[in-house]
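Asker: One letter stands for each residue in the lines below.
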Amino acid sequence: MAEAAKMQVSDEVAIQITGMNKWYGQFHVLRDINMTVMRGERIVICGPSGSGKSTLIRCINRLEEHQQGQIIVDGTELTNDLKNIDKVRSEVGMVFQHFNLFPHLTILENLTLAPIWVRKVPKKEAEETAMYFLSKVKIPEQAHKYPGQLSGGQQQRVAIARSLCMKPRIMLFDEPTSALDPEMIKEVLDTMIQLAQEGMTMLCVTHEMGFAQAVANRVIFMDQGQIVEQNAPKEFFSNPQSERTKLFLSQILGH
Amino acid sequence: MAMATDVPKDSFRLSMLVYDTRYRSYTIQIVVLLLFAMAVAWLLNNTAQNLAARGKEFNFAFLWQRAGYDIGQQLIPYTNDSTHFRALLVGLINTLVVAFWGCIFATILGVIVGVLRLSHNWLISRMMTVYVETFRNIPLLLWILLSYVILSETTPQPRDFRVTDEMAAAGEAPAASMIFFDTVAVTNRGTNVPAPLFERGLGSVDLGFVTLNLTLLAALAVVAGSFWVNHRLVAAARAQQEATGVRPATWWKSILILFGPFIALMAALGFHLEVPELKGFNFTGGILVAHSFTALLIALTLYTAAFIAEIVRAGIQAISRGQSEAAFALGLRPNRTTRLIILPQALRVIIPPLISQYLNLTKNTSLGIAVSYLDLRGTLGGISLNQTGRELECMLLMMLIYLTISLIISAAMNLYNRSVQLKAR
Amino acid sequence: MDQHFSRSEMLPPLAPPITERGAVKWMRENLFSSPLNAILTLLGLAAIYALVAASLPWWLNSVWNAESLGQCRAIVAETAGEGATGACWAMIRERWHQFLFGFYPPDQWWRPILALGLLFVALAPVLFAGQKRNMAFLLGGIAVYLVVTLTLAETPAAAFALAVALVLGLTALSQVQPGRLLWFTAIYPALCFWLLWGGTVWAPIVAMAGFVLLYLVFRFAAPVIGLTPAAGAGIVAAVLWWLYLQGPVSGLLQGALPFGLRAINSDLFGGFLLAIVIGVTGIAFSLPIGILLALGRQSDMLIVKTLSVGFIEFVRGVPLITLLFTASLLLQYFLPPGTNFDIILRVIILVTFFAAAYLAEVIRGGLAALPRGQYEAADALGLDYWRAQRLIILPQALKVSIPAIVSTFIGLFKDTTLVAFVGLMDPLKGVTQIVRADIDWKGIYWEPYIFVGAIFFIICFGMSRYSMYLEKKLKTDHR
Chain A
1 MAEAAKMQVS
11 DEVAIQITGM
21 NKWYGQFHVL
31 RDINMTVMRG
41 ERIVICGPSG
51 SGKSTLIRCI
61 NRLEEHQQGQ
71 IIVDGTELTN
81 DLKNIDKVRS
91 EVGMVFQHFN
101 LFPHLTILEN
111 LTLAPIWVRK
121 VPKKEAEETA
131 MYFLSKVKIP
141 EQAHKYPGQL
151 SGGQQQRVAI
161 ARSLCMKPRI
171 MLFDEPTSAL
181 DPEMIKEVLD
191 TMIQLAQEGM
201 TMLCVTHEMG
211 FAQAVANRVI
221 FMDQGQIVEQ
231 NAPKEFFSNP
241 QSERTKLFLS
251 QILGH
Chain B
1 MAMATDVPKD
11 SFRLSMLVYD
21 TRYRSYTIQI
31 VVLLLFAMAV
41 AWLLNNTAQN
51 LAARGKEFNF
61 AFLWQRAGYD
71 IGQQLIPYTN
81 DSTHFRALLV
91 GLINTLVVAF
101 WGCIFATILG
111 VIVGVLRLSH
121 NWLISRMMTV
131 YVETFRNIPL
141 LLWILLSYVI
151 LSETTPQPRD
161 FRVTDEMAAA
171 GEAPAASMIF
181 FDTVAVTNRG
191 TNVPAPLFER
201 GLGSVDLGFV
211 TLNLTLLAAL
221 AVVAGSFWVN
231 HRLVAAARAQ
241 QEATGVRPAT
251 WWKSILILFG
261 PFIALMAALG
271 FHLEVPELKG
281 FNFTGGILVA
291 HSFTALLIAL
301 TLYTAAFIAE
311 IVRAGIQAIS
321 RGQSEAAFAL
331 GLRPNRTTRL
341 IILPQALRVI
351 IPPLISQYLN
361 LTKNTSLGIA
371 VSYLDLRGTL
381 GGISLNQTGR
391 ELECMLLMML
401 IYLTISLIIS
411 AAMNLYNRSV
421 QLKAR
Chain C
1 MDQHFSRSEM
11 LPPLAPPITE
21 RGAVKWMREN
31 LFSSPLNAIL
41 TLLGLAAIYA
51 LVAASLPWWL
61 NSVWNAESLG
71 QCRAIVAETA
81 GEGATGACWA
91 MIRERWHQFL
101 FGFYPPDQWW
111 RPILALGLLF
121 VALAPVLFAG
131 QKRNMAFLLG
141 GIAVYLVVTL
151 TLAETPAAAF
161 ALAVALVLGL
171 TALSQVQPGR
181 LLWFTAIYPA
191 LCFWLLWGGT
201 VWAPIVAMAG
211 FVLLYLVFRF
221 AAPVIGLTPA
231 AGAGIVAAVL
241 WWLYLQGPVS
251 GLLQGALPFG
261 LRAINSDLFG
271 GFLLAIVIGV
281 TGIAFSLPIG
291 ILLALGRQSD
301 MLIVKTLSVG
311 FIEFVRGVPL
321 ITLLFTASLL
331 LQYFLPPGTN
341 FDIILRVIIL
351 VTFFAAAYLA
361 EVIRGGLAAL
371 PRGQYEAADA
381 LGLDYWRAQR
391 LIILPQALKV
401 SIPAIVSTFI
411 GLFKDTTLVA
421 FVGLMDPLKG
431 VTQIVRADID
441 WKGIYWEPYI
451 FVGAIFFIIC
461 FGMSRYSMYL
471 EKKLKTDHR
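From first to last, the protein sequence lines are chains A, B and C.
Taking UniProt numbering, the leading residue of the first sequence gets 1, the next gets one more, and so forth.
Taking UniProt numbering, the leading residue of the second sequence gets 1, the next gets one more, and so forth.
Taking UniProt numbering, the leading residue of the third sequence gets 1, the next gets one more, and so forth.
No wet-lab data here; the hints were simulated from the structure.
Some hints here could point you the wrong way.
Unchecked claim - Keeping only pairs whose Cα atoms sit at most 25 Å apart, straight-line, the calculated SDA-like set for lysine to any residue is:
#	chain 1	residue 1	chain 2	residue 2
1	A	LYS120	B	ASN188
2	C	LYS472	B	ARG126
3	C	LYS442	B	ASN188
4	A	LYS124	B	ASN188
5	A	LYS167	B	LEU340
My request is simple: use the sequences and hints to build the entire structure.
Answerer: Structural data, given as structure tokens:
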């Protein structure tokens with residue numbers, strides 16, 4: 001908590017979502033989502049499976065289309081305009097549950113691919129940046145191996161480094177630790193906490209409540225495709241308002 | 001287990017040959033080997049007896065005798081005075097030619113169909129499914145026979161192309177007309193296609209055992225040279241990208257380099273097409289492609305393409321959605337994603353079964369006998385065999401040749417597999 | 001800033017906006033989602049239109065009653081006008097029996113018809129292990145099929161009654177003790193052989209007795225000399241029985257109790273009867289041989305492995321046609337002088353080996369896909385090699401390879417058409433050529449190929465659909 005207090009939140013808006021609705025066919029998967037994320041904010045989104053939390057953050061870099069409402073990321077509205085989508089995607093990094101590293105490329109190539117082809121950075125410079133971030137996630141010695149040769153925790157740290165190489169201003173995490181063995185969760189969380197301390201704007205779908213208490217300045221609880229409750233972590237855990245939130249918290253913290 | 005308590009010390013008993021795990025596998029192997037040797041000896045003995053009873057002997061001298069039959073499609077000089085061995089070579093080349101073009105066309109068609117089958121277009125993907133299922137579930141022989149019958153029985157006779165004076169006066173069109181800008185005529189005798197000719201050809205050099213066509217060599221050299229220059233160009237572009245981050249546009253230079261010199265060479269040699277012309281009751285000039293070749297090629301292409309389409313589809317589907325999502329999230333555009341992420345991975349999945357389809361296609365060319373296409377099976381295993389009565393020699397030699405082709409292709413495949421295998425823990 | 005927020009009332013799900021619904025949206029998404037897609041859709045529609053426009057009149061003007069192609073064309077010209085096209089199904093009407101039975105004598109058609117019905121009875125316990133409902137449907141269907149077709153084929157009353165009684169009896173058995181139906185499956189090959197080729201009933205019975213002898217020797221020798229030697233002794237005893245006692249014993253029995261069907265020669269077999277006989281026998285025998293070859297290839301024993309690899313690679317490396325020619329031309333060299341056995345049998349043997357080599361590779365893939373732990377677990381349970389294979393390894397390996405195994409079977413069935421090249425009368429080349437050689441039907445081509453192609457399609461497509469059903473049903477683990 002003390003650490004969380006250190007991190008400053010500016011009054012500049014990073015993400016603005018208003019009246020957003022999304023359907024899969026007839027299924028109303030996201031219902032009237034309104035939220036504002038300030039630059040430097042760290043938000044944890046939780047909720048039962050199927051509540052739409054992954055879909056929500058996948059809408060933020062347009063891996064999913066929304067049908068109604070408005071999403072503005074860093075001043076750019078997400079529409080069908082390819083230029084806007086490119087702009088948003090190069091500002092927003094994403095880390096997936098199953099890492100999604102490219103198995104046919106070495107770790108270094110995984111990290112330099114997007115800077116070279118999207119940012120048009122010279123190869124040498126891209127490799128230097130890549131090595132810098134690999135050192136930050138503490139696995140520079142693995143640079144010339146292939147993803148299949150790494151442990152799950154290492155792969156996820158590479159995935160984080162891969163996103164950071166694009167120098168994003170916002171990071172999205174989609175259940176980054178739920179495919180990992182327990183002993184590897186900590187190494188990934190440590191990397192994420194470090195990132196938070198450096199002031200990165202983060203939206204994180206996770207059930208790691210320890211992480212939420214340590215770094216988040218807001219926790220959002222979703223159910224049935226809508227935001228049911230949001231609050232600062234301290235109040236959220238100690239004094240939940242909605243019945244659904246209480247039930248959910250008792251289920252994940254109860255044992 | 002049982003042997004935990006009282007293991008007999010080194011005293012060897014005969015029953016240990018069966019029960020002792022140390023000897024058991026040797027016993028079995030020796031028994032198998034003996035049985036195999038006995039079977040081989042039995043077969044050889046029978047063969048020797050049978051040959052003796054028929055007054056035949058086992059040798060390949062007949063290969064150097066005069067063949068005495070004609071072959072319609074010959075890519076190396078051959079007359080009926082040539083030897084059976086020469087006929088074998090002509091047949092082998094015919095096999096390889098139809099297999100080569102079949103592989104190329106089947107790959108093109110198969111990739112298109114496989115990709116379209118995955119398209120979001122409901123109509124197109126259904127149509128491709130119908131195509132794939134139809135061709136996969138009906139024997140290849142039917143497609144060969146049907147193509148052949150359609151080509152040779154529904155196409156017009158050469159004289160139907162004729163415009164008589166009365167017709168010209170009356171402004172009537174002939175019963176049949178040529179296709180592709182009046183360059184190709186499909187008749188019931190075959191397909192007349194234009195022949196490439198050179199006004200200032202380079203001629204050929206006779207090296208005694210083989211004749212080299214210099215024009216062809218020059219063309220090959222120019223193409224190879226263009227590819228090499230283009231390779232250098234791409235490498236230079238990559239180097240510049242690595243140094244400055246910006247990749248220079250190379251596509252128009254590539255087109256220029258790949259096609260320019262070739263076109264220039266063709267112009268220099270006076271390349272022109274000799275279009276088949278109707279003279280009297282038949283077409284002259286150009287090349288007459290037999291329907292047996294065309295039908296075999298069409299059927300092999302359509303049939304194998306259906307299998308290749310399934311392989312391509314499975315290969316692309318084997319790459320998880322997460323791969324393209326990760327690339328999109330990094331800001332890569334869809335076409336870059338396909339080229340840098342999806343294709344390299346899909347190819348690893350696609351190429352091994354694809355090559356085994358090439359193998360199948362090559363073996364399936366032997367069905368050409370149904371339409372009297374004189375391939376290896378038709379010459380060596382057909383007419384030569386019947387004329388000389390050397391069943392044993394011809395069949396063994398033919399199997400050996402097919403086997404060699406297969407083994408070469410599968411050896412290449414194994415090498416490829418080893419080189420691209422994904423590294424894992 | 002809206003730091004604190006709590007929803008007291010949940011939002012109900014809403015229907016998607018009108019632009020996201022209905023046929024218009026469906027068409028926009030599935031047919032016209034981009035300019036390229038729109039072009040493709042239009043091209044597709046144009047292709048379908050061209051195809052239908054070209055072939056619809058031909059189908060609509062079909063002629064069913066005529067004596068020759070010329071007559072067909074005359075009828076089409078008369079009804080649909082000069083220059084119209086029309087199918088001449090009258091040819092099928094006149095010659096269907098050659099496509100189905102070849103030259104099998106018409107008064108004996110009931111025998112292959114019955115054999116086909118009983119084939120499905122024999123398959124029932126394999127296809128729908130233990131599912132009484134499905135089995136009842138299948139057997140009921142077979143009973144109806146038999147009653148209808150046997151009546152049409154003018155079956156002798158005694159045979160008809162026996163056949164119906166047999167199927168009804170087996171149906172009852174399948175509902176009471178479905179497992180016992182496998183006994184019928186076991187004796188079916190001999191029964192089928194006898195039905196199709198005829199001759200004395202004692203020959204197949206005495207041949208089956210060889211298997212009984214094998215089992216008895218194995219059963220009583222196994223406790224004394226061990227499993228593998230006992231199996232060897234059993235095989236030796238059975239082979240001796242078939243070689244030396246088969247002929248005299250069946251002759252003796254036939255003399256004492258003469259009973260048999262009219263013998264039908266192999267050269268009368270043709271059409272789909274031939275294709276199905278070769279296909280089904282090939283499928284039935286290639287699977288066990290393929291499994292043995294796959295196990296041999298995975299074996300630690302160098303000689304066994306080398307021989308298996310050599311066999312598999314040789315057979316896979318040459319076209320089936322060359323193997324069929326071996327059957328027709330070379331076997332006379334390899335067998336003792338004077339031996340001469342049936343060409344259909346020779347072809348079946350070669351086709352079986354051919355399919356077995358392909359199956360071996362497919363099954364090897366399945367074996368390789370199994371995690372190492374399964375082998376270790378089987379060892380740890382103290383199972384010997386054959387038990388481990390039978391109970392643990394093979395069921396899983398075969399399950400994984402079902403789609404590939406079935407597509408090998410489909411390939412085998414399609415390849416039965418190649419027997420035309422060794423002079424047998426397959427439905428595609430053999431029979432069609434006979435029909436097209438007839439002066440009445442000279443020049444006909446679409447109709448026979450469509451007819452034969454459609455039957456092949458139904459059988460092969462059916463097999464592939466069944467494999468999908470089986471795959472789904474057996475999907476107990478693996479995600």
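Asker: Run every hint past the structure and note whether it holds.
Answerer: Now for the hints, and whether the structure bears them out:
1. With a CA separation close to 60 Å, the supplied pair LYS120/A and ASN188/B exceeds the 25 Å bound.
2. The hinted pair formed by LYS472/C and ARG126/B meets the criterion: a straight-line CA distance of about 22 Å does not exceed 25 Å.
3. With a C-alpha separation of about 16 Å, the suggested pair LYS442/C and ASN188/B falls inside the 25 Å cut-off, and the hint holds.
4. Under the criterion of a C-alpha separation no larger than 25 Å, the hint pairing LYS124/A with ASN188/B is inconsistent with the structure, at around 65 Å.
5. Straight-line distance between C-alpha atoms of LYS167/A and LEU340/B comes to about 21 Å, which keeps the hinted pair within the 25 Å bound.
When each numbered hint is compared with the structure, violations occur for hints 1 and 4.
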